[in-house]
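> Protein sequences, first through last, are from chains A and B.
For the record, in the first sequence the residue sitting at position 41 is 41 according to the working numbering, with numbers rising by one throughout.
For the record, in the second sequence the residue sitting at position 181 is 181 according to the working numbering, with numbers rising by one throughout.
Because the hints were derived from the structure by calculation, they are not lab data.
Glycine is no exception: its CB is placed at the ideal position from the N, C-alpha and C atoms.
Hints should not be assumed to be uniformly reliable.
To be verified - Selected chain A positions facing chain B (in silico; Cβ < 10 Å):
| no. | residue |
| --- | --- |
| 1 | ASN266 |
| 2 | GLU309 |
| 3 | ASP401 |
To be verified - Calculated from the model, a selection of chain B residues having no Cβ within reach of chain A, i.e. all distances over 12 Å:
| no. | residue |
| --- | --- |
| 4 | GLU40 |
| 5 | GLY49 |
| 6 | VAL75 |
| 7 | ASP91 |
| 8 | ARG125 |
| 9 | GLY153 |
| 10 | ARG219 |
| 11 | GLY232 |
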Amino acid sequence: MRFEWIVALRFLREGGLQTALIVVGAALGISFIVFITGFLGELQRDIVQRTLGVQPHVTIKPLEEVARPLRPERAQGDAPLVLSDVQPRGQRLRSIDQWQATVAQLRENGDVRAISPLAAGPGLVTRGDSNKSLTIVGIVAEPYAAVTRLDQKLVEGRLQVDPGDVLLGRDLAEDLGVGIGDTVRLSTPSSSGDTYRVRGIFDLGAKNLNQLYAYVGLATAQALHALPGGVTSIEVTVDDLWDAERVATDLARTIPHLVESWIRTNRQLMVALSNQTLMTRMIRMCFGLVVAIGVASVLMVAVVQKTREIGILRAMGTTRGRVLRVFLLQGAIIGLIGSVLGCALGYALARFMSGVLTSADGARLFTAHVDLPLYLYTTVGAILLGVIAAALPARRASRLDPAQAIRM
Amino acid sequence: MPAATAPVVSMSGVRKRFNEGLPNETEVLHGIDLAVRPGEFAALIGPSGSGKSTLLNLIGLLDRPSAGEYLLKGVSIGSASDDERTRARLDTLGFVFQFHHLLPGFSALENVMLPGLMRDGAFTRSQRENARELLASVGLSGAFDKRPGELSGGMQQRVAIARALALAPDLVLADEPTGNLDTHSADEAFALLRRFNAERGCAFIIVTHDPRLAARCDRVIELRDGSVERDGPVVAAGPPG
Numbered sequence: 001m002r003f004e005w006i007v008a009l010r011f012l013r014e015g016g017l018q019t020a021l022i023v024v025g026a027a028l029g030i031s032f033i034v035f036i037t038g039f040l041g042e043l044q045r046d047i048v049q050r051t052l053g054v055q056p057h058v059t060i061k062p063l064e065e066v067a068r069p070l071r072p073e074r075a076q077g078d079a080p081l082v083l084s085d086v087q088p089r090g091q092r093l094r095s096i097d098q099w100q101a102t103v104a105q106l107r108e109n110g111d112v113r114a115i116s117p118l119a120a121g122p123g124l125v126t127r128g129d130s131n132k133s134l135t136i137v138g139i140v141a142e143p144y145a146a147v148t149r150l151d152q153k154l155v156e157g158r159l160q161v162d163p164g165d166v167l168l169g170r171d172l173a174e175d176l177g178v179g180i181g182d183t184v185r186l187s188t189p190s191s192s193g194d195t196y197r198v199r200g201i202f203d204l205g206a207k208n209l210n211q212l213y214a215y216v217g218l219a220t221a222q223a224l225h226a227l228p229g230g231v232t233s234i235e236v237t238v239d240d241l242w243d244a245e246r247v248a249t250d251l252a253r254t255i256p257h258l259v260e261s262w263i264r265t266n267r268q269l270m271v272a273l274s275n276q277t278l279m280t281r282m283i284r285m286c287f288g289l290v291v292a293i294g295v296a297s298v299l300m301v302a303v304v305q306k307t308r309e310i311g312i313l314r315a316m317g318t319t320r321g322r323v324l325r326v327f328l329l330q331g332a333i334i335g336l337i338g339s340v341l342g343c344a345l346g347y348a349l350a351r352f353m354s355g356v357l358t359s360a361d362g363a364r365l366f367t368a369h370v371d372l373p374l375y376l377y378t379t380v381g382a383i384l385l386g387v388i389a390a391a392l393p394a395r396r397a398s399r400l401d402p403a404q405a406i407r408m
Numbered sequence: 001m002p003a004a005t006a007p008v009v010s011m012s013g014v015r016k017r018f019n020e021g022l023p024n025e026t027e028v029l030h031g032i033d034l035a036v037r038p039g040e041f042a043a044l045i046g047p048s049g050s051g052k053s054t055l056l057n058l059i060g061l062l063d064r065p066s067a068g069e070y071l072l073k074g075v076s077i078g079s080a081s082d083d084e085r086t087r088a089r090l091d092t093l094g095f096v097f098q099f100h101h102l103l104p105g106f107s108a109l110e111n112v113m114l115p116g117l118m119r120d121g122a123f124t125r126s127q128r129e130n131a132r133e134l135l136a137s138v139g140l141s142g143a144f145d146k147r148p149g150e151l152s153g154g155m156q157q158r159v160a161i162a163r164a165l166a167l168a169p170d171l172v173l174a175d176e177p178t179g180n181l182d183t184h185s186a187d188e189a190f191a192l193l194r195r196f197n198a199e200r201g202c203a204f205i206i207v208t209h210d211p212r213l214a215a216r217c218d219r220v221i222e223l224r225d226g227s228v229e230r231d232g233p234v235v236a237a238g239p240p241g
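Work out the full structure: start from the sequences and follow the hints.
Structure follows, in C-alpha cells:
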C-alpha cells in the first residue's frame with residue numbers, strides 16, 4: 001500500500017491550488033454538517049427541558065385498576081351466553097405496591113442516574129378567602145432536585161421541605177398574595193389539613209405549571225393523602241434523554257408496575273422533534289452530496305490532467321488495481337483532511353454562534369462543546385464519502401489504455 | 001546463432017487488426033516474424049503509418065496481437081492477464097519515450113527509483129544507491145533533487161534513460177528517444193544508449209525516423225505497409241565521414 005500512498009500524496013501535492021480548493025470546500029461543507037448536528041442536539045435538549053418542566057425521563061406508577069368480571073364474557077362450550085355490563089373502575093389514589101423493593105431494583109440498573117419517590121394527589125390551597133385547587137406533591141428534596149432540577153428553578157427562598165414547609169409556584173403565590181415566610185392552608189379530600197409556611201417560590205417556565213403544584217415533604221404528603229408510608233409514583237432520570245424509551249421498556253420487563261418514558265407521554269413533542277431531525281438529516285445529506293460531487297469532479301479533472309502520467313506508470317509496470325487505489329486513496333485523504341479541518345471549523349462556528357444566538361428570554365440557545373464521538377463519526381463518514389466520490393474517477397484512471405494515454 | 005542465447009523477443013506470424021468485426025476493420029500488421037536476441041541493438045524504421053508504433057506496443061505488451069504468437073523470453077504472453085503482462089513489463093522491459101514522460105511531482109532521483117518502488121512497494125536504500133549510480137553515469141550527479149521542470153530537455157531524457165535501466169531490464173524499447181532534442185543532446189542521449197548496451201548487455205529496439213541514427217545501430221528492421229521489408233545488419237555504406 002506504500003506505493004499507493006506515495007503516489008497519491010504526490011498527485012495531490014502537484015494539484016496545488018486545485019487540491020487546496022477542494023479540501024477547503026470539503027472542510028466548509030463538513031463544518032456545517034458538524035455545526036448543524038451539534039446545534040440540533042443542543043436545541044432539542046433545550047426544547048425538551050423547557051417543555052417538560054418537571055416531568056421526569058421515566059415514571060413508575062401503579063398499574064391501572066381494571067374490573068375483572070367473574071363470569072366468562074364469551075360463551076364457552078355449552079355454557080349459556082351471559083350478557084353483562086362491566087363498568088370501568090374509577091382510579092383511586094394508590095400506593096405502589098412494595099415500592100421500596102422497586103427503588104432497590106432501580107438502583108441496580110446501569111442506565112438510571114437518579115431516583116425520586118413521590119406522593120402526589122389533589123388538594124386545595126387556602127389563604128383567607130381565596131381557594132385554589134392544585135396537586136400536592138410530597139418529595140424528598142435531594143433526589144427530587146436530582147431528577148427535575150427544581151433547585152435551579154427556584155426564584156426565591158430555598159429548596160426546603162421539612163414538616164410544615166411548602167414550596168409554591170410563582171403565579172400561584174401571586175394569586176394568593178403570599179411571599180416567603182407567609183403561611184397557607186393545605187387540605188385534601190381525605191384530610192382537613194393544616195397550615196404551612198412558604199419556604200420557596202419556583203418558576204417552571206409556564207403559568208399553568210406554576211399554578212398547578214405545591215411541594216411538601218414526603219411524610220407530610222403521605223399524611224395529607226392518607227397514604228401512610230406509600231408513594232404514588234417513582235420518577236427516574238436516565239443517562240441519555242433520547243434513550244428513555246428503551247430504558248423504560250427494559251425496566252418494564254422486571255418491574256410489575258406501569259413504566260412510562262417521557263417519549264411515550266409526549267407523543268406530539270416527539271413527533272415534532274423527529275420531524276426536525278429528519279429535516280436536518282436531509283440538509284446534512286445535501287451537504288454531503290455537494291461535497292462528494294465536488295471531490296468527484298476535481299478528481300475527474302485530475303484524471304484527465306494526469307492521463308499521460310497514468311499511462312507512463314501503467315507502461316512501466318503499475319497494475320490497474322494500484323492505479324485504482326491511488327485515486328481512491330486521494331478521495332480518502334481529501335475526506336480525512338477535510339473532516340479534520342471541518343470539525344475544527346464546525347466547533348469554531350458553534351462557539352461563535354452560541355455567542356450570537358440567544359432565545360427570547362435572553363438565555364443562550366445552546367453552548368458549544370467538543371463532541372468527540374460526533375467528530376469521529378464525521379471523520380469516518382467523510383473518508384467513506386471521499387472513497388465513494390473517487391470511485392468513478394479511479395475506475396476511469398485504471399481503465400486508461402497505456403498505449404493511448406502516453407501519446408496524449 | 002548459438003542455441004544458448006534464446007531470443008528476448010520471438011514473434012511469428014503476428015497480425016494486428018483494429019476495429020475488429022466492424023465495417024472499418026483495418027489490418028495494420030500483416031504477419032510479422034521477428035526475433036531479437038539478448039544484447040542486440042536494433043533500429044526500427046519506416047515511414048509513418050507503416051506500423052512501427054503498433055509493433056512497438058505489441059513488443060512492449062501495451063497491446064495484444066490479433067493473431068500469431070509472441071514469446072517474451074521464451075514465455076507466451078499473448079493470452080496472459082493484464083496483471084501478469086504488467087508484471088512482465090516491470091521485470092523485463094524498460095521504456096524511453098519521445099517526450100521523456102518523467103513524473104513532474106517526483107525529483108530526478110525519485111523518478112529513477114520509481115520502477116523499484118513499483119517492484120518493492122516502498123522506497124529503499126538500495127534503490128536510492130542504484131538510482132544515484134545511474135544518474136551519475138548519465139552525467140547528472142548534481143541534479144538528484146531537481147524536479148523535471150527544472151531540467152533541460154536533454155537532461156530529462158537522460159533521467160528517463162536512467163529510469164528505463166533501473167531494474168536492469170532484458171530489453172529497452174525507445175520510441176524516438178532523440179526526436180525532440182537538439183543535435184548535441186540527441187548525440188549525447190544516443191551515446192548513452194550505446195554505452196548501456198555495451199556495459200550492461202541489455203537489448204535495445206529504437207524506433208526512429210532519423211536515418212543517421214539508424215546507421216549507428218547494429219541492425220535495422222524496416223517496416224513498410226505493415227510488413228518487414230528489410231531486416232539485417234547495418235551496411236557500412238553510409239556517407240563518408
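> Evaluate each hint against the coordinates.
Hints and how they fare:
1. ASN266: ASN266 (chain A) check fails; min Cβ-Cβ to chain B is 59 Å, beyond 10 Å.
2. GLU309: Because about 6 Å separates GLU309 (chain A) from the closest Cβ in chain B, which is inside the 10 Å limit, the hint holds.
3. ASP401: 8 Å, holds
4. GLU40: 21 Å, holds
5. GLY49: 15 Å, holds
6. VAL75: 16 Å, holds
7. ASP91: 8 Å, violated
8. ARG125: 15 Å, holds
9. GLY153: 16 Å, holds
10. ARG219: 24 Å, holds
11. GLY232: 28 Å, holds
When each numbered hint is compared with the structure, violations occur for hints 1 and 7.
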